[in-house]
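Each protein sequence line maps, in turn, to chains A and B. For the first sequence, the working numbering gives the first residue as 407, with consecutive numbering after it. For the second sequence, the working numbering gives the first residue as 407, with consecutive numbering after it.
I should point out that these hints are in silico values taken from the structure, not numbers from a laboratory. It is possible that some hints are incorrect.
[To be verified] Calculated pairs, DSS-like style, for lysine-lysine (alpha carbon to alpha carbon, straight line, at most 25 Å):
#1 K524/A <-> K603/B
#2 K724/A <-> K652/A
#3 K513/A <-> K603/B
#4 K524/A <-> K628/B
#5 K628/A <-> K524/B
#6 K513/B <-> K603/A
#7 K769/A <-> K769/B
#8 K513/A <-> K769/B
Keep in mind that this is a model prediction, so the values were computed, not measured.
Number of protein chains: 2
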Amino acid sequence: MSPSVGLLTIGDELLNGSLTDTNSSVIAQRLAEIGLTVQEIRTLPDAILAIADGIRQMTQAYDVVIMTGGLGSTIDDLTVAAVARAFDRQNRPNAAALQLIEEYGRKRGQPPHPRDLKSANFPDGATPLRNPCGTAPGLYFSTDTIELFALPGVPTEMLAILDESILPFLQQRFTLTRLEPERIVTLLGIAEPQVEKELEQLLLPPEVAIAFGVTFPFVQLKLRAQGAAAAERLEQACSVVAAHFKEQVVASDRQTIAEQTAARLTLAGKTLSLAESCTGGLISKLLTDAPGASDFFERGGVTYANSAKADWLSVSQKILDQDGAVSAACARAMAEGIRLAARTDIGLSVTGIAGPDGGSTEKPVGTVFIALADKNETVVTEHRFSGTRQQVRMRAACAALALIQRHLRD
Amino acid sequence: MSPSVGLLTIGDELLNGSLTDTNSSVIAQRLAEIGLTVQEIRTLPDAILAIADGIRQMTQAYDVVIMTGGLGSTIDDLTVAAVARAFDRQNRPNAAALQLIEEYGRKRGQPPHPRDLKSANFPDGATPLRNPCGTAPGLYFSTDTIELFALPGVPTEMLAILDESILPFLQQRFTLTRLEPERIVTLLGIAEPQVEKELEQLLLPPEVAIAFGVTFPFVQLKLRAQGAAAAERLEQACSVVAAHFKEQVVASDRQTIAEQTAARLTLAGKTLSLAESCTGGLISKLLTDAPGASDFFERGGVTYANSAKADWLSVSQKILDQDGAVSAACARAMAEGIRLAARTDIGLSVTGIAGPDGGSTEKPVGTVFIALADKNETVVTEHRFSGTRQQVRMRAACAALALIQRHLRD
C-alpha cells in the first residue's frame, strides 16, 4: 500500500496574491514520478498557531507530510517553531545543523552571519537535511506514524533538498509501485466539448480511460489503461486518438508544442527564420527555451516598426501603405522576406493586433495573420483570437508553431 | 470585523503535478484589493467524499469559501454533487441555470449540447451565477453562517464570474476596510542577507515593517506602516530604501522590471533596438508584454547564427573568428550594429552561454556579455550567472533591462 502524502505550504505572500505557489506542483510531479500521489495541498499564513494546527491535522491525515516555506533566518520564518509546538518539543541549537550551516559558509568563502545561526535551532529529535543551495537546512521529523519534512520556500533550495535527501529516502522507506503509465495528447484549435463529442465516436481498445485537461490554449487528453496488456492497449488508443485528431495534435506526453516543433524541424533537417510583429519575440523565446535550437533556428526579427519591416524583410512601402502592417499581404511579404534574408528553408511571420488598443471594426483586436514560406509556396492564415493581450499573443504563437508542424507533416 | 476567507481548489491535475494552481493567487490578489485576506488555500482531488469533507471543514472554519474547479459537464466534475452532499441537499435541474446555459448557447449561435445540461443541476437552495465566458454557471450557496461560491477551473471563466458576481456581492454584503497600504521595492543584483544587513543600518521612520520576498531573480521588500500618518511615513521609508539601494532598484509596487523599463524609456523619449543571442527573444517578449511598446521599441534581432550577426548587425568576421560570438567585443559590435541598423537612441545586445551545453573552462555556462550603445559611448558588462538554462536566460534578460534603467538614470 502506497503511503498517503500531504503538502503544506507556508507564507503570507501566497495568501495575498503576491506569489503563486509553484513549489507544490513541482513536488507533486517529482513524487508522481516515483509512484506517490499527493492527496492534499494546503497553504497557511505566517502564523505559528495556524501552522502548528495545520501540521497536527496533516500528520494525522497523511503518512508523509512535506512542508515548504517559513524556513530560514528572518522573523517571519516560523516553521521550525511550529513543528516544535505541534509535537510539544523543545527547540534548541542542533550541532549537526550548525555544522551544515558552517560548511555552506565555507563553500561560499564567507563565515555565517550571526543571524544565520537561528537556522540551527531544531526541535528535539529532528534531523537537519543538507541544503546544497542555501544556508537554512531542511528538517526531518519522524515518529512511529509520522514522516514530516520541512523545506525552504526558495524553489532552487527546495528542489535541491527534495532531490538529494527526500526522494531517495522515500524510495528506500516505502515499497513504491510506479503509477500505471499515462500518455498525454495535446490538441490545439479545437474546443473541449467538440473533442469529447468526437471521442465518443472513436473505437478505442477496452479499459482505456481518457481524462480532460485544459491548459491554455490547449486541450490535453490523458490516457490511462488498466488490466492485462495495458501498455499495448494504451499505445493503440494513443494511435487511434492521434490519427483522428491529426490536424490538431501539437505535442505528446510532457513535450511542449515548442519542443515538438523543434524536434520535427531537427528531424526534417530544415532551417527556420522568424519575422514577428505582434508576438514580439515570443515565438523565438519559446523555440529557444530548450537547448539545441541552433540546429535549425537561424534568426528571428522582431520587426515592430514599419521601418524594420521594410529594412530587414523588404516589405514594400506599397503594402505598408495600402494593405497596412496587419494584413495578409504584409504577412506574406514578411515570411518571404525573412526567408530570403536568412537563406533558410522556412520563413515564418506573424502580424496582428494583440490589443487592448489598436483594433478597428474591420480589423478588431485579436486579428492575426500568420504566413509560412518555403521554396515552393507561401501559405497565409487569418485568425480572430479572443482574450487578453497575453492570450492573443500566446494563441498566435502556438498557432504559428502548429503551422510549422503541419507544414513538416504534409 | 472583516470576514475570514478560505479557497478550495479541486482537481487531480493539481495534485499530480500536471498543472500549477494559478487561480488561487489571482483570487487572493483580487480579494486583497477589496480588503479581504485569504486564511487558507486547500487543494483536493476529484473524489466526492474528500471534496464534501473539505467543504464542510472549510465552511465551518471560514465565513466565505470560494471553490474553483470540478464544475462543468465532464465526468470528473464533482463539485456540485459534493456541495449537495456536504449540506444534505437534493441535486436537481435548476430553471435559472438552464436559462443561463441556453442564453450562452444563443450568444454563440449554437444550441447547448445535451451534455451541457448536466451543468443545470444544482442543489436545492443554490443560485446559479452567470458565466460570460463558458457554459457552466457558477454556484452560490448560503445559510445563516455560510457564504459558499463555486467557480469553473478554466481561468478566464473563473475570473469573469469572480469579477462580475462575487466581488460586487462581497463588497455589498460586508463592510470591508481596505488593507493598510503596502509599497513594494524590487531589487536586482543583491542577495537577501546583504539587503537585510544593509537595512539594519538605515534610519527608517517608526512603525514601518519591512517583509522580504524572493521572486526569482529579484529580492522584494514589502513596506507597511501603521498608526497615525502611516501614509506619510510609508512614503518616507520608501524614499530612504530606494535612495540607499538606488543601483539595485528595478521596479516599484506591482510594476514589473519590463514595465518600469518601458515607462522610463517612454518618459525619456528614447527609442530602443535589441540584438539578442542567448536570450533568444526573451527581452523583446518582456518589453512587448504590455501595450505601448511601439512608442519606444523599433526592432529586435534574435541573431542566433553568426550569419545573422554579420548580416543584420555588421559584426565583423574578425570578431567572430578571433573573439568568438560570446565575447565583450562581439557584444559591443552587436549593440553598436543594431543601433545603427535601427537608427535608435539606444542599442542593447546580449550574447552568452545559457547552457546546459556549450561551456568551456574559459567561458563556462552562465557567461553572458551585455552591451548598451548610445550616441556617445558603448558600455559592456560581463556576468557569470548560475542556475538552469531558463534561469540564466531570465537573469541575463533582467540584467539587460536593469542596464537600460541605469543608463536612463545616469
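Satisfaction of hint between K603/B and K524/A, Cα-Cα up to 25 Å: Between K524/A and K603/B the Cα gap is close to 15 Å, so the pair holds against 25 Å.
Restraint check for K724/A with K652/A, where alpha carbons must lie at most 25 Å apart: It is violated: about 39 Å lies between the C-alpha atoms, which goes past 25 Å.
Given pair status - K769/B, K513/A, alpha carbons within 25 Å: holds, 22 Å
Hint consistency between K628/A and K524/B [alpha-carbon to alpha-carbon, up to 25 Å]: With Cα atoms ~22 Å apart, K628/A and K524/B stay inside 25 Å; holds.
Given hint K769/B paired with K769/A - CA-CA distance at most 25 Å: The given pair, whose Cα atoms are some 49 Å apart, is violated under the 25 Å limit.
Pairwise hint evaluation, K603/A against K513/B, where the allowed Cα distance is 25 Å at most: holds, 21 Å
Holds or violated: K513/A to K603/B, with C-alpha atoms at most 25 Å apart: holds, 21 Å
Pair hint outcome, K524/A versus K628/B [Cα-Cα no greater than 25 Å]: holds, 22 Å
Going down the numbered hints, you'll see the structure goes against 2, 7, while the others check out.
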